[in-house]
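2 protein chains.
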Amino acid sequence: MKVLANKTITDVPGILASGIASGIKKDGKKDLSVIYSKYNAAAAAVFTTNRVKGAPILVSMENIQNENTRAIIVNSGNANSCTGEEGIANAYKMVATAAGALNISPKEVLIQSTGALAIQIPMDIVIPGIGKACSSLTEQGGFDAAEAILTTDTRIKTHAVEYELGGKTVRMAGIAKGSTMIHPNMATMFSCVVTNASIAKPMLVKALKTSIQKSYHMISVDGDTSTNDMAVVLANGEAGNTLIDCENEEFKVFQNALDSVNIELAKMIAKDGEGSTKLLEIEVIHGKSVKDAERCARSVASSNLVKCAMFGSYPACPDILCALGNSGADFTPENVDLFLKNGNSQLQLVKNAMNENFDENLVKSILSKDLVTLVVDLKGGEGRATAWGCDMGFEYVKANAYLK
Amino acid sequence: MKVLANKTITDVPGILASGIASGIKKDGKKDLSVIYSKYNAAAAAVFTTNRVKGAPILVSMENIQNENTRAIIVNSGNANSCTGEEGIANAYKMVATAAGALNISPKEVLIQSTGALAIQIPMDIVIPGIGKACSSLTEQGGFDAAEAILTTDTRIKTHAVEYELGGKTVRMAGIAKGSTMIHPNMATMFSCVVTNASIAKPMLVKALKTSIQKSYHMISVDGDTSTNDMAVVLANGEAGNTLIDCENEEFKVFQNALDSVNIELAKMIAKDGEGSTKLLEIEVIHGKSVKDAERCARSVASSNLVKCAMFGSYPACPDILCALGNSGADFTPENVDLFLKNGNSQLQLVKNAMNENFDENLVKSILSKDLVTLVVDLKGGEGRATAWGCDMGFEYVKANAYLK
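As given, the protein sequences belong to chains W and R, one line each in that order.
Numbered according to the numbering used here, the first sequence spans residues 1 to 404.
Numbered according to the numbering used here, the second sequence spans residues 1001 to 1404.
For the record, the hints were derived by calculation from the structure and aren't laboratory data.
What you are looking at is a predicted structure, and each value in this text was computed from that prediction instead of being measured.
For every residue, glycine included, the Cβ atom is placed at its ideal position computed from N, Cα and C.
Heads up, a few of these hints could be off.
Computed list of chain R residues with no C-beta within reach of chain W, every gap over 10 Å [as the list claims (entries may be wrong)]:
1. Leu1243
2. Leu1321
3. Asn1344
SDA-like cross-link-like pairs, simulated, lysine to any residue; straight-line CA separation at most 25 Å [what the hints assert, rightly or not]:
4. Lys1364/R to Tyr402/W
5. Lys1398/R to Asp370/W
6. Lys214/W to Ala89/W
7. Lys1398/R to Lys288/W
8. Lys369/W to Lys1214/R
9. Lys1364/R to Lys369/W
10. Lys351/W to Leu1058/R
11. Lys351/W to Ile1119/R
12. Lys341/W to Asn355/W
13. Lys288/W to Glu1085/R
14. Lys379/W to Pro1122/R
15. Lys379/W to Ile1119/R
16. Lys351/W to Pro1122/R
17. Lys398/W to Ala1021/R
18. Lys201/W to Asn256/W
19. Lys1214/R to Met1061/R
20. Lys288/W to Leu1058/R
21. Lys1369/R to Phe394/W
Excised from the complex, chain W in its bound form (with noise of 0.2 Å):
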């Protein structure tokens, strides 16, 4: 497997995309995108557990249970979140409106919404918005859309992979907005992967939700899922493999390469958290299981001590234990081990639960950087497992305080 440096999902063979600003973003930013799909694709998507949905992600919760999904339009600047009955039929109209743009059925249409929430989209931009999104599909259109899809992002996230499956040459690609809830009223985490590898939708879901785990279900920004999260994957055939119909070795290609895409925009999406100045990577090992080490990566990425600390580059060790031990995972406290990646090598911070001597100006400039890779041993067996976070420092207060 291949990355493609400088790509995006418009090199996917098949796939148009456009992104432009309608005007829902008052600073005349791009706001309103289109992801196209030439060929009938099968898709799969995986929804917020919010049991608050916003009016989007219940319509594209029903229109993915079509068969065929060819487009997906997606607008920033207004979520349509906590809008009432008004919003969802405002959904279902710009799906009508983009269906009859490109002469495709409603159904086979997905949509999303992320930005301002309880606040009603303005239809009278949207609707002209969507057909001029519509009519502006290109094959160059990946980074517009990228682009257009953002809110509090500091840049476009976007990844792209080639490799072979069953004998022919396959491209995966992806684009991102971050990052879960990471300011009050523009809420989020948007991902969309298209492919022309031909699998069948089952199996397209099946692997979707295994990737979810490793990657989307690995990050944290702060904590709290929003109305809106929606991760989405499209895959049209064109390049005409065998199709993927069970849990054969072009499965597991597949979903080598779906986990390695979604994982680098999960990243992107960690790393962007609103205000943070750094990347932590939380790679946890011999866990009692799986399940175990999870817990405990994403307990650690997750938690508001140590993400405060990392932002102040300062090994806060009793803090790790301390959310080790709070996260549900069954482990034996008094055997975990804790280190500190510095390129190849690493320093050992925690031996048996108890801090090592360490030099702690090494550490300090270690913590410096703009990526922290700690590994947690719980030496117990052979679970493992890998979290994203990032830091928690005075911009993330500033942006969601609402201060100037």
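Given the coordinates of chain W, assemble chain R onto it according to the supplied hints.
Just chain R, lined up with the frame of chain W:
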């Protein structure tokens, strides 16, 4: 039931206390307290659910099994946690020293340590300190004890009530320190309630368990449960009421008193959360069950986004809905109403999950006060619960990033 102004644990007959500066804290502040009952007392305690438990917690979990408890020794400045076998041996030595000085059995002594983790307790300082603290016990020592248990707390936390129980006048008083794992290396929530009521140990255990659920389990400062959390209650029977040995009327009266003392102490802990500027009170009414109401109340009180918004006195209603949706509680999102208490009246912020038109300046001025009470009406049943938290601002980050 009457709240006693300016009273503390030594105003409960038969209770002596002391608080001295032994030298664990380098700044000369009080750091060692002893609470002692002149009579045999029944005790109940609840300990941290963190899998990583400090040495004093392990020793106290053993000693609470004893029929009688006569003394509790508490040091601040060092939590004796993540300190291995040596830490446990030291905790036993501290208990034995106190037992010797007080001429009681080591089994009758509970121990709690709060402060820095992962550092061995300085036994050359603590052992003579315990001797001195035991010889300093007086009937006026309650405030000294309340002071000596503090770490990063900004003020002492003490509450006392007097009430009739089976024809006798009974007193109950408590001291506490905050606040969960507010400071990475300065862990531990601790509370100690004493009373001269006569109650059988199993009933005391039962009453404490119920009480915890409404008080310390309903507060959050930063979501991290420390390695040393402990809440204890001691009843010495001096009042001479008929022993409460079943769930009779007297038990209900006792329960009510215990709840009120623990709730007041819990609120003081929440309000004094590190770097906080105000107390948040989240009242949830009409939940499908009490459990659902509890989940909702806790989730809102613990949300980083809500906490940051409250720091900025910003009415982040969608964040509150989002936190409810993340709580795991069963409720109908479309039904949710939200109110802000303003003295004796209420201002409606959200009706049926949608923002009401409210006076933003008025809301900002109410949110700027040092007590903010939000009322969430789930309109789904009779379950109700209240949780408390605090806002999250720059001072929280500063302290936990170890920035000066």
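Right, here's what the structure says about each hint:
no. : hint                   : result
1   : Leu1243                : holds (38 Å)
2   : Leu1321                : violated (5 Å)
3   : Asn1344                : holds (28 Å)
4   : Lys1364/R to Tyr402/W  : holds (12 Å)
5   : Lys1398/R to Asp370/W  : holds (20 Å)
6   : Lys214/W to Ala89/W    : violated (35 Å)
7   : Lys1398/R to Lys288/W  : violated (36 Å)
8   : Lys369/W to Lys1214/R  : violated (44 Å)
9   : Lys1364/R to Lys369/W  : violated (39 Å)
10  : Lys351/W to Leu1058/R  : holds (21 Å)
11  : Lys351/W to Ile1119/R  : holds (14 Å)
12  : Lys341/W to Asn355/W   : holds (16 Å)
13  : Lys288/W to Glu1085/R  : holds (24 Å)
14  : Lys379/W to Pro1122/R  : violated (30 Å)
15  : Lys379/W to Ile1119/R  : holds (23 Å)
16  : Lys351/W to Pro1122/R  : holds (21 Å)
17  : Lys398/W to Ala1021/R  : violated (39 Å)
18  : Lys201/W to Asn256/W   : holds (17 Å)
19  : Lys1214/R to Met1061/R : holds (22 Å)
20  : Lys288/W to Leu1058/R  : holds (24 Å)
21  : Lys1369/R to Phe394/W  : holds (22 Å)
The earlier numbered hints that this structure contradicts are 2, 6, 7, 8, 9, 14 and 17.
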